[in-house]
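A.B. asks: The lines below spell out each chain.
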Amino acid sequence: MTMSILTAPEAISDTKQVCYHCGEECRDEVLHTDEHDFCCDGCVTVYSLLKERDLCQYYAIDGAQGISPDPTFYKGKYDHLDQPEVYEKMIEFTDGRLTTVYWYLPKMHCSSCIWLLEHLYRLNPAVRSSVVNFPEKKARITFDTGALRLSELAALLTRIGYEPYLSMDDLSGKKAGKWNRTRLYKIGIAGFAFGNIMMLSFPEYFHLGQNASDQNLRTLFGILNLALSLPVLFYCAADFYKSAWAALKGRYLNIDAPIALALSCVFLISIYQLATQTGPGYLDSFAGAVFFMLVGRYFQDKTYAGVSFDRDYKSYFPIAISVIEHGKETRKPITGLQKGDHMLVRNEELIPADAVLQSAVALIDYSFVSGESQPVERQKGDTIYAGGKQKGAAIELEVLREVSQSYLTQLWNNEAFTHEKDDAGKSLAARINRYFSLTVLGIAAVTFAIWFFVYKNPETAFLAFTTTLLVACPCALLLSSTFTNGNLLSVFSRNRFYPKNAHSIERLAHIDVVVFDKTGTITLPDDAKIDFIGEPSTRDEIVMIKTLVEQSSHPLSRQITKHLSDAPISRRVLTGFSETSGKGMSAQWGARVVKMGSASWTGAAGSDDDDRQSSRVYVAIDDVVKGYFTIRSKYRPELAETLTALRRAGIGTCLLSGDRPTDRDLLTPLFGENALLLFNQKPEEKLDFVRELQHKGRHVLMVGDGLNDAGALRQSDVGLAVSDDINNFSPSCDAIVEGNRLSLLPGYISLARSGQRIIRQSFAISLIYNILGLSFAVTGHLSPVIAAILMPVSSITIVAFTTLASNAAARRCLKKLTNVIN
Amino acid sequence: MSALYLLIIASLLVALGFLGAFIWSVRKGHYDDDYTPSVRILLDDSEKP
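Those sequence lines, one after another, are chains Y and F. If you want this note's numbering, it's the position in the first sequence, counting the first as 1, plus 72. If you want this note's numbering, it's the position in the second sequence, counting the first as 1, plus 5.
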């Protein structure tokens with residue numbers, strides 16, 4: 073009787089089908105609708121929704137690849153959005169009738185997404201308009217408040233696969249600043265002033281209009297130049313002064329301090345010259361410098377508009393959680409959670425506060441907090457710490473501590489989080505500048521003294537003094553580091569590595585030890601190495617096993633399902649399925665009894681304690697143990713090469729894992745004989761380990777992914793967060809890298825080192841210009857036209873040199889490694 | 006020479022006009038997103054409205 077089923081033709085097919093909606097390979101049963109194949113009900117739902125509204129053009133757009141909607145969505149998930157205090161913070165604007173939201177939709181990924189999201193009005197006529205900002209992955213949606221509630225809009229987006237990312241950060245009232253526009257205003261005004269001042273200064277460059285009759289004209293030009301430069305000084309350059317002042321108050325010099333000093337000097341000297349009618353001043357250089365520097369910073373920052381670096385625990389937590397009050401389920405913002413509240417946590421939801429379990433059992437995945445890769449089981453009455461994720465059926469918990477006082481959030485009270493990383497005076501440019509500024513001041517003073525006391529010529533003495541200060545104005549020097557780092561930032565981001573700022577690159581260049589986290593960092597997040605050990609199974613037994621594990625939502629079952637993706641399933645003969653939490657599951661397959669689970673459950677001889685190295689799932693058919701699956705985390709394939717390359721570059725490697733010491737034997741050869749491999753590390757211990765290393769004078773790069781690394785990332789010289797979706801979750805860090813690019817790390821470090829070399833070389837070039845200019849200036853022969861030419865020429869050479877040199881370095885450092893990946 | 010005064014003022018006014026146009030376009034959000042419009046223009050409206 074079983075035989076007839078085994079030979080059923082539809083049960084086995086070898087061709088792989090691709091889902092029409094999401095483009096993923098269909099791993100389970102293939103669903104057919106309208107002659108298209110789909111991988112899951114979610115995709116069919118979206119397809120039917122689009123078809124019903126005549127939006128199938130979506131699939132015709134080049135590169136269209138839909139998103140399978142989140143299977144954990146349930147009705148009422150967004151009900152809290154309608155509560156007035158939440159509502160107000162989620163929207164951008166409302167006039168009572170129409171409301172506008174500007175939401176972050178991280179799943180947006182291609183041009184068809186733009187098309188679909190901008191046609192939302194067809195899915196629901198209450199949506200008046202929707203405009204996508206693709207680089208920021210945001211959509212501004214205007215809808216009719218009377219016809220559509222905010223929760224319904226969020227549900228609509230989730231149903232078509234674009235779940236909005238709403239976090240507690242929004243609740244605490246942080247609104248994205250309009251920095252972009254302010255910067256553009258400043259650039260526009262500085263450019264306008266620069267152009268016009270140059271035009272008005274033109275006669276001076278060629279010594280025209282020197283006769284007495286032109287005196288009035290010259291005075292007018294001077295006044296106009298001054299008027300034009302006032303907005304540049306007070307508006308466009310204000311950021312330099314603010315940042316310099318903040319640095320001085322903190323008793324250190326930052327890169328903006330010499331800029332501010334140079335700008336003030338140039339401006340004051342110009343006013344002096346104009347007032348005494350001794351010269352035209354240098355307002356053109358002044359406006360030009362501000363303009364060029366603003367442009368440089370604009371491009372530097374633009375790449376980073378969509379990447380967020382300074383996230384704390386609030387970004388990880390959901391906005392609201394289901395709470396049971398008087399036997400009824402309501403959604404409550406988690407900031408309002410109080411001790412004693414009963415919350416309901418569903419499959420895959422994060423537990424926001426320390427709580428006591430009220431349901432019989434729970435399966436908690438702490439990988440995000442502690443790095444443990446296997447979910448742990450908890451019984452009724454156990455305390456469950458915040459940050460865990462429930463896997464499986466919904467559980468009820470009683471809140472023990474408010475969110476802000478939870479075990480997890482305590483980490484943020486560590487002193488590592490209370491101060492910014494100290495960049496003061498550490499950057500190469502700042503160090504060189506300090507000597508440079510002193511030298512220039514010295515030369516100017518000596519020149520002044522010689523002209524004044526030796527040659528008794530006070531007039532030339534003043535002229536030589538000011539022009540020395542001016543021509544040696546560190547603009548070219550500043551440009552060299554700004555543009556090198558700016559270009560490196562964009563080269564890095566093209567290679568999916570996102571340093572936070574120029575300082576991060578400079579610190580990266582000095583790294584001499586790399587500390588890796590294990591789970592999620594060097595292991596693949598969604599992939600496991602699964603082997604079947606035992607009698608080789610026949611084809612039909614594999615179908616049997618797959619069908620059984622397919623019924624279960626246990627993470628190990630999910631991984632086995634994925635492992636057996638080639639095998640088909642056949643549900644029709646499966647009866648009497650039952651799952652005993654923490655033990656295993658059993659079912660009838662025709663007349664045969666299939667059991668899967670722990671050793672004791674299946675009656676296998678081995679003990680469950682054997683699996684120090686991996687997790688095991690035993691399979692027994694008709695009470696005969698067939699064998700077991702071993703499930704161990706799978707390491708990133710290029711890990712060995714990466715580690716070897718790092719060691720060859722003289723960089724030490726360590727492992728710091730929150731997980732059990734599985735795979736120690738496997739990892740030891742990879743990390744080298746003398747490497748430290750530490751397991752069972754708590755978040756604070758990781759932080760302390762990094763601090764220890766730093767006390768020994770090492771420069772530490774910490775690579776991590778989860779909240780459990782947050783402290784260590786913060787403490788390290790460079791905290792590198794690994795994320796498979798850079799726009800999604802990442803702890804507060806100095807750089808973010810995409811998971812599959814982690815193998816390029818040695819290349820990134822050597823590129824950062826080349827960057828430092830390039831900055832030194834361009835300093836040398838600008839020094840040559842400065843010496844040239846100075847030699848004119850100290851002799852008192854520098855005419856305004858030479859100053860006006862020297863300034864832009866030196867700047868342009870520096871910009872060209874840094875760009876070309878850093879691009880060449882990027883090719884050298886990253887090309888070989890990139891080829892390996894692609 | 007007096008013509009020059011007029012010319013200077015005229016040229017400054019013209020330049021101010023362009024600066025004003027630039028600021029206006031920034032205020033209207035023309036520079037908020039420099040990528041999406043380039044894609045949007047290539048997406049056809051569906052045949053059946």
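Calculated directly from the structure, the hints in this document are not laboratory data. For each residue, glycine too, the CB sits at the ideal point set by N, CA and C. Heads up, a few of these hints could be off.
Stated by the list, open to error - Cβ-Cβ distance ranges computed for the label pairs, FRET-style:
| no. | chain 1 | residue 1 | chain 2 | residue 2 | range |
| --- | --- | --- | --- | --- | --- |
| 1 | Y | GLU124 | F | LYS33 | 47 to 53 Å |
| 2 | Y | TYR527 | F | ILE14 | 43 to 49 Å |
| 3 | Y | ARG719 | F | LYS33 | 52 to 58 Å |
| 4 | F | ARG45 | Y | ARG630 | 19 to 25 Å |
Claimed, not checked - The list that follows gives simulated cross-link-like pairs (lysine-lysine, DSSO-like), each with its CA atoms no further than 27 Å apart:
| no. | chain 1 | residue 1 | chain 2 | residue 2 |
| --- | --- | --- | --- | --- |
| 5 | Y | LYS572 | Y | LYS887 |
| 6 | F | LYS33 | Y | LYS161 |
| 7 | Y | LYS634 | Y | LYS655 |
| 8 | Y | LYS123 | Y | LYS209 |
| 9 | Y | LYS706 | Y | LYS452 |
| 10 | Y | LYS147 | F | LYS33 |
A.B. asks: Give me the numbers of the hints this structure contradicts, sorted from smallest to largest.
C.D. replies: Of the numbered hints, 1, 4, 9 and 10 do not hold.
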